[in-house]
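*Asks:* What follows is the residue order along each chain.
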Amino acid sequence: MGQTIAEKILARASGRERVTPGEIIWATPDVVINHDHNFPRYLGALEKMGRKGVAAPHKQIVTIDHRPYSDDLAVVRARQQMRTLAREGGISHFFDLGNHGISHNVPIDQGLVKPGQLVIASDSRAPALGCIGALSIALGQGQLTVLVTGQAWLRVPTTLKINITGKPRQGVMSRDIATWVAAAISDSRGDYRVLEFYGDTIDAFSIDERHTLCNVCVDIGVKGAIVPPDQKVADYLERFGHHADWVVSDTDAFFEEEISFDITDLEPQIALPPDPMNIVPVTQLLGRKVNQVFIGSCIGGKMEDLRAAAQVLKGHQSHPDVHLLVIPATAEIHRQALAEGLMEIFSKANANIAVGACGPCYGTIAPLSDEEVCVATSTRNENGRMGSPTATILLANAATAAAAAIRGVVADPREFLA
Amino acid sequence: MGTKLVPTQTFTKAGRAWVFGDDVLNDGGIASLDMVRQFIYDPKILATECMRALSPSFPEQARPDDIVFAGKNFGKGQMHITGPLSLKGVGVGLVCESVTRGFFRLSVSAGLLMLPFVPGITEKVLDGDPVDVNFRSGRIENRRTGEIIHAQPMPDFVWEILSFGGEREWLAAKYGSADAPAAK
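If you read the protein sequences in the order shown, they are chains A and B.
Position 411, counted from 1, in the first sequence is what the working numbering calls 411; the numbers after and before it change by one each time, with no gaps.
Position 25, counted from 1, in the second sequence is what the working numbering calls 443; the numbers after and before it change by one each time, with no gaps.
Since the hints were derived computationally from the structure, they do not count as laboratory data.
In this text, all values refer to a predicted model and were calculated from it rather than measured experimentally.
Ideal placement from N, C-alpha and C gives every residue a C-beta, glycine not left out.
Please note: incorrect hints may appear among the correct ones.
As the list claims (entries may be wrong) - Counterexamples of contact, computed for chain B against chain A with all Cβ distances above 10 Å:
| no. | residue |
| --- | --- |
| 1 | 425 |
| 2 | 460 |
| 3 | 516 |
| 4 | 567 |
To be verified - No more than 25 Å apart at the CA atoms, straight line, and that leaves these computed lysine-lysine pairs for PhoX-like:
| no. | chain 1 | residue 1 | chain 2 | residue 2 |
| --- | --- | --- | --- | --- |
| 5 | B | 490 | A | 161 |
| 6 | A | 348 | A | 289 |
| 7 | B | 431 | A | 52 |
| 8 | A | 161 | A | 48 |
| 9 | A | 48 | B | 462 |
| 10 | B | 542 | B | 592 |
| 11 | B | 490 | B | 431 |
| 12 | A | 48 | B | 592 |
| 13 | A | 167 | A | 232 |
| 14 | B | 542 | B | 490 |
| 15 | A | 289 | A | 314 |
| 16 | A | 8 | A | 232 |
Unchecked claim - For each label pair, taking beta carbons as the anchor points, the in silico distance ranges come out as:
| no. | chain 1 | residue 1 | chain 2 | residue 2 | range |
| --- | --- | --- | --- | --- | --- |
| 17 | A | 89 | B | 471 | 43 to 49 Å |
| 18 | B | 428 | A | 17 | 37 to 43 Å |
| 19 | A | 288 | B | 537 | 39 to 45 Å |
| 20 | B | 571 | A | 1 | 26 to 32 Å |
Construct the entire structure; sequences and hints are all you get.
*Replies:* Laid out in structure tokens, this is it:
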């Protein structure tokens, strides 16, 4: 019996020939990702144990993303602590203010993850990095064990094979496709599993679009989501002068299930609270009053999203009743958006612009007031996630969000793309 | 090795059952969403609002010897340790039909006593039933009906972490003070 990508990566990382789904193994990650919200807490815990520094400093990536704009002195001190640790060699890749960005995007911007690697991160959206063929797993506070021992305990998951075919219609983005597919798989089939993606829709996806796809799957509880490497990943590696051995599944690998989707007839979607999988076609909510539009976050603040939003917003201003926020996911993405003229379009649309922050996705920078409605490209929409528990978060693709910003109500992005 | 490797957590509970359904949310269900957003991690503070959204009297009335019973997909939603720490703060144990991947790992980190994969358990226990649970062996006894259920216990390795009261405690016992003097 052959092995899946996840099984091969976990076997190598645990020094074994092969691993079996269900068993618990100790694996040594290739890359360990932390951010400014969790990492200082972990350092504090390590200090209490009487430990100095973290295991495998050369594998550590630390980014500032949750609180780059904080005026809280505790946050400023924590930042100073991380800065000092980086300067002393205690962490190799620290992305300080000005070079900061969301921890799920910075490693792609910087070419710090490769296909076939085992990536471990504390933050829940870690599986997004499966976009380049890595197995990227979120551990939450389990990260502490990795920071102490250099290893993680992991239960070997089974893998589902997902085929997605069809050419997306106008106005349909990776967000719509990913959410529609993930909602159909649901957590009853996705939880604990690794998803491997195939099909002509996926072949045509850019790295950004694959990142969205793998990121969305977090909301059905996956352990990992992987797009097998191809020429697009080879191009990504070449851009950074990297080489990596591709890891692909054997033809006789065991997949727990194989599920196929045709996205040809799919329309742009909107997710209603309290669950990102609670989707309806955007046409069912047209005209609903909107107070805020947020284009940003690890899932909706990439070049793919900024380009789509700019295409809609070009030559328009946001509606006077709408607070439009645009937050490129990283400083590097911001620079690229500037170079492409996208930031000028947002600025002329009266967007409030910040850089490299999770921002409203977890309720900071611009929380919602009572009864307000926000159309957001961010990750989740439980009541209260962006401020008042009576506010409503509608999740949509960046073009749909931009259309709502112009109209002041939920609008069909296709009106602006014709 | 700084501290002696001695498990500290007892593994049996005899109390009342608090029964919940499927898909109990982590943020906003088990843990107060306000406290999640305020980054509160003190189990004793979290305990004061634990499960209140689903059972308003739970934080005041649940006792450390009680057990939360739940259906499938317990701990759905964001991977925040606030939920497991909230239950830990109350002191209760957890028995459910299934738990999400993220919540399972976080509960191990938090040292929450649990039997998280017991199919059909919510049909065998009513809210308020007196129950005895041995989390090490997996034996569940409903003292109202007399029924005894044998659940799959945690694997030995996971049990090792739970028996120390959680990941921090386990790490401190096993790896503490390796590179530096013990913290005060």
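*Asks:* Next step is simple, just say for each hint if it's right about the structure.
*Replies:* Comparing the hints with the structure gives:
The beta carbon of residue 425 of chain B sits about 17 Å from the closest Cβ of chain A, which is more than 10 Å, so the claim that it is off the interface holds. With a minimum CB-CB distance of about 13 Å to chain A, residue 460 of chain B clears the 10 Å threshold, and the non-interface call stands. In this structure residue 516 of chain B is not separated from chain A by more than 10 Å, as the shortest Cβ-Cβ distance comes to only about 8 Å. Look at residue 567 of chain B: its CB is around 22 Å from the nearest CB on chain A, clear of 10 Å, so calling it non-interface holds up.
Under the criterion of a C-alpha separation no larger than 25 Å, the hint pairing residue 490 of chain B with residue 161 of chain A is consistent with the structure, at around 24 Å. Among the hinted pairs, residue 348 of chain A with residue 289 of chain A is consistent with the structure: their alpha-carbon atoms are about 22 Å apart, no more than 25 Å. For the proposed pair residue 431 of chain B and residue 52 of chain A, the alpha carbon gap of about 38 Å is over 25 Å, so the pair is violated. About 44 Å separates the Cα atoms of residue 161 of chain A and residue 48 of chain A, which puts this hinted pair outside 25 Å; it is violated.
Restraint check: the Cα-Cα separation between residue 48 of chain A and residue 462 of chain B comes to about 20 Å, which is no more than 25 Å; the hinted pair holds. At most 25 Å may separate the alpha-carbon atoms for a hinted pair to count; residue 542 of chain B and residue 592 of chain B exceed this at roughly 39 Å. This hinted pair checks out: residue 490 of chain B and residue 431 of chain B have alpha carbons roughly 22 Å apart, not beyond 25 Å. A distance of roughly 14 Å separates the Cα atoms of residue 48 of chain A and residue 592 of chain B; the hinted pair therefore holds under the 25 Å criterion.
A hinted pair counts as satisfied when its Cα atoms are at most 25 Å apart, and residue 167 of chain A with residue 232 of chain A qualifies at roughly 18 Å. Between the alpha carbons of residue 542 of chain B and residue 490 of chain B the distance comes to roughly 14 Å, so the proposed pair stays at or under 25 Å and holds. Annotation: proposed proximity of residue 289 of chain A to residue 314 of chain A holds, straight-line Cα distance about 22 Å (limit 25 Å). Under the criterion of a C-alpha separation no larger than 25 Å, the hint pairing residue 8 of chain A with residue 232 of chain A is consistent with the structure, at around 21 Å.
Distance hint for residue 89 of chain A and residue 471 of chain B: a CB-CB separation of about 46 Å, consistent with the stated range 43 to 49 Å. Hint check: residue 428 of chain B to residue 17 of chain A, Cβ distance near 40 Å, so the stated range 37 to 43 Å holds. For the hinted restraint 39 to 45 Å between residue 288 of chain A and residue 537 of chain B, the CB-CB distance of approximately 41 Å keeps it satisfied. The given range of 26 to 32 Å is respected by residue 571 of chain B and residue 1 of chain A, whose C-beta atoms sit roughly 29 Å from each other.
The structure does not agree with the numbered hints 3, 7, 8, 10 stated previously, though it agrees with the rest.
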